[in-house]
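Undergrad: With the sequences and hints as input, model every part of the structure.
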Amino acid sequence: MPVGNINCAKTSFFVFVFLRLKAQALFWREQQDEHKLQEENNKRTKNLIFLLLLLFSSCANHFWECFY
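Residue numbers for the sequence shown, in this note's numbering: 2 to 69.
Because the hints were derived from the structure by calculation, they are not lab data.
Listed next, the in silico DSS-like pairs over lysine-lysine satisfying Cα-Cα at most 30 Å (straight line):
id : residue 1 : residue 2
1  : Lys37     : Lys23
2  : Lys11     : Lys23
3  : Lys47     : Lys37
Per label pair, the in silico range of CB-to-CB distance:
id : residue 1 : residue 2 : range
4  : Trp29     : Cys9      : 28 to 34 Å
5  : Ala26     : Leu56     : 43 to 49 Å
6  : Thr12     : Leu49     : 52 to 58 Å
7  : Leu55     : Ala24     : 45 to 51 Å
8  : Glu41     : Phe64     : 30 to 36 Å
9  : Leu56     : Leu27     : 41 to 47 Å
10 : Phe28     : Asn8      : 27 to 33 Å
Treat the numbers as computed from the prediction; the structure is a model and nothing was measured. Backbone N, C-alpha and C define an ideal beta-carbon position, used for all residues, glycine too.
TA: Here you go:
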């Protein structure tokens, strides 16, 4: 086997490993971004539920004052 083919195979292998690691890093970063978005959505949902409960309790209070 000529030396050129060995060097080409080594280079191809290192390029493959580099691209694989790059793809893994991009995938990991995307997963982290998804996790942050999920946390923000959970926080917003909790705030919305709290505001709805506050509104409901305020309306219920007003209702009882009117008819009690």
